[in-house]
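Here are the chains, one letter per residue:
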Amino acid sequence: MGNGESSYRRFLEGDQAAFDEIVKELYYPLVFFIDRYVHDIHTAEDIAIDALTDLVVHKSRYNFKVTLKTYLFMIGRSRALNVIKHRKVLEMTELSDDISDDRKTLEETVLQTEIQRAVNCALAQLDDDCRLAIHLVYFEGLSYKEAATVMKKTEKQIDNTLQKAKARLRTLLGKEGEQLL
Amino acid sequence: MRNFQEVTAEVFKRSEQRLVAAKRRKRMLLSFGSMAVCVVLVLSVWLFYPNVDRSMDSVDESAKPENLESTASFEDMADDSDQQVRYYYTELKIVPMTVADEAHTAVTEPEKVNRIAETLQDFFARENDGFKGESGISDSVKFPRYKLIFTTFDNAENGYLLEGNLLTENVSGATRSVTLTDTQLEELKALLGL
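Protein sequences appear in the order of chains A and B. Once you know that position 77 of the first sequence is 81 in my numbering, the rest is easy, because the numbers rise by one and skip nothing. Once you know that position 64 of the second sequence is 315 in my numbering, the rest is easy, because the numbers rise by one and skip nothing.
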């Protein structure tokens, strides 16, 4: 069993060290995913920590029917949307060097190949749904079904979104990009 | 970006805080809940019991006939061992049965009607106690027959037949008779105005 479920089972049985494994495996991808919504690394980190805290506080909520990664991404998405909803004024701040460095570090951690980084740059020009679908399926390796669960859409909708995203990326990345997808 | 140790430490710190907050919320909810239950109980006691008293009073008021003169006589009648005397009479019709054309006489004063009814019941009670009448039905020839019809406050009727010294009661199909003494007969005649 992958994606942290076995670690979480061990954590539930009292193995505190198992939680470190979950953090190591899922923290950065979770922050990176949440950052797609909130566009702020620090807020994304805060939300990711909150999502992980949910695992500790509400131990019976996760029923192992989906992967732990999917579950955490669902919580992350929900909390991110909540933060966006309650963010009264969009704070327009200069991108400081720190934040920029943090994002670079995060991207380098999560996106391990040049190709992924190239796609990531192109994603900025896609709409939110396309960006998130590409992120979940191609960067995080989730199945269509898992991506649909996280985004609260049907598999068909995910498929359509990905088709649209791919067509757009083909234009943006050229033939090289087409090979990536 | 935080490192993994910081993240884990932060997660456990927040989880502790959340658990403490949840416990506090639970305690508050429990205390508030029990307080709410107490308030509801006190309010219901405060509201319900006076209502019961009031409703009991209103039931009592509605149960009493308007023309009942005194509560005492009602209670006397209710407490009477003879369970058939339960009515409050509002009218008495005295119908002579010997002269066909003679119109009946009506007594409409409740006090008088009830006094007559009590007297009649008294005659039956004394008979039950072992009293034996001195005169028989033979006197009926000398004395005309009268039908006494009592009307209760709820428009039920109780009938008595006075035939000479013989007084017969007919309540709901059940009949019983008593032979009156001459004194009783005189007393009754005086009451009836015969």
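Accuracy of the hints is not assured; some may be wrong.
What the hints assert, rightly or not - Here are the simulated lysine-lysine pairs, DSS-like style, with alpha carbons at most 27 Å apart:
id, chain 1, residue 1, chain 2, residue 2
1, B, K440, A, K63
2, B, K440, B, K398
3, B, K264, A, K28
4, B, K398, A, K63
If you are wondering where the hints come from, they were derived from the structure by calculation, not from laboratory data.
Checked hints:
Of the pairs offered as hints, the one joining K440/B and K63/A is violated, with about 97 Å between alpha carbons and a cut-off of 27 Å exceeded. Between K440/B and K398/B, the direct Cα distance comes to roughly 13 Å. Compliance with the 27 Å bound is thereby established for this hinted pair. At most 27 Å may separate the alpha-carbon atoms for a hinted pair to count; K264/B and K28/A meet this at roughly 18 Å. Taken as a hint, the K398/B and K63/A pair is broken in the structure, with Cα atoms around 92 Å apart against an allowance of 27 Å.
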